[in-house]
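So the protein lines, in turn, are chains A and B.
Position one of the first sequence corresponds to residue 144 (the numbering used here), numbered consecutively onward.
Position one of the second sequence corresponds to residue -13 (the numbering used here), numbered consecutively onward.
Everything labelled a hint here was simulated from the structure, so no lab data went into it.
A quick note: this is a predicted structure, and the numbers were derived from the prediction, not measured.
Each residue gets a CB set at the ideal place from its N, CA and C atoms; glycine is no exception.
Some, not all, of what chain B presents toward chain A, calculated at C-beta under 8 Å:
#1 Lys10
#2 Gly13
#3 Leu47
#4 Arg48
#5 Pro50
#6 Asp51
#7 Tyr55
#8 Glu62
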Amino acid sequence: MPSNLVEKYFRTEKLPQIWCPGCGHGVITRSIVDAIDQAGLDKDKVCIVSGIGCSSRAPGYMDFNTLHTTHGRALAFATGIKLAKPELKVIVITGDGDATAIGGNHFIHACRRNIGITTIVYNNNIYGMTGGQYSPTTPKHEKGTTAPFGNIDKAFDICDLASAAGASYVGRSTAYHANLTTTLVKNALNNEGFSLVEAVSGCPTYYGRKNKKGNAVDMMNWYKDNAVTAAAAAKLSEEQMAGKILIGEFKNKPEPEYTSEYQKIIDKLAKGR
Amino acid sequence: MEKKELKAGEVSYEKLIINPSWCKGCGICVAFCPKKILSIENEKVKVDDIEKCIQCGMCELRCPDYAIYVGGKKNEKRG
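If we strip away everything but chain A, and leave its shape as in the complex, we get (with noise of 0.2 Å):
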């Protein structure tokens, strides 16, 4: 018998997961079970969707409504879910490479209309599974199978991207801080638009043993070290800033919902017939 909150949220005739020994993103995934868990929301009434890659077999696992889809596809399907259906819990799991590179163009139009999905790219900084391909947020100087010298792009910083683009709930949390990843999910579920939780997980098997940050120990070990609070980095130079994680929540900021809006035009046409 596996945990209480297990048995009622995973699928456990397929548990153990197949992500490698360490993989963050089985700490990320029992926080958003956990987050789902304390919003109280109805199993029936949420419907969990994934494109492609580590972070996208997550729903596999999970007891809910899953679609899991194609590469990059997944907030395109989202859309159509949540339009279709706008009383469920639209949640999206993605990966850093599925959200910012194949699906770059859906993730940053779903921020702009403020749709009603909830978003949690599980980023890694790497392309795991195929192999540890250098992603949009490997960043700089940093080594991928793909990038043997150093990686010469600039990384996304996928909070600032999805805040610009017009997401209304925006934050960022590690597979370190597995609490911190569950209230952040929480408040993204109580917030009607669009909303992204980045979490940072540690890739033992490519991204950690390219770059020499050790075992999954120490990769969560360095996010325990390395992670400084919006309040804190504050008081911080950008100097003694350079190459730390900002957690927390980015932004809060309630915006009229795509769905909602939708639905007035309908019913003001309706009202002229």
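Assemble chain B onto chain A, guided by the hints.
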């Protein structure tokens, strides 16, 4: 405290329950246990001294594979 073997190979110490078949031996629970009572043996987690367990739940919180969890009231409250 008594150690009990449950069905499907689970090991229960009442306070703490381990499912070795889900454990991948990553060592995260061992590193973050404040009482340092866990260890890895043959790539699976094992409890060295259950009497010292304070049921803080740090192992359960960060186990990526849900292979270890706190039993008793804390578990009953959840889910």
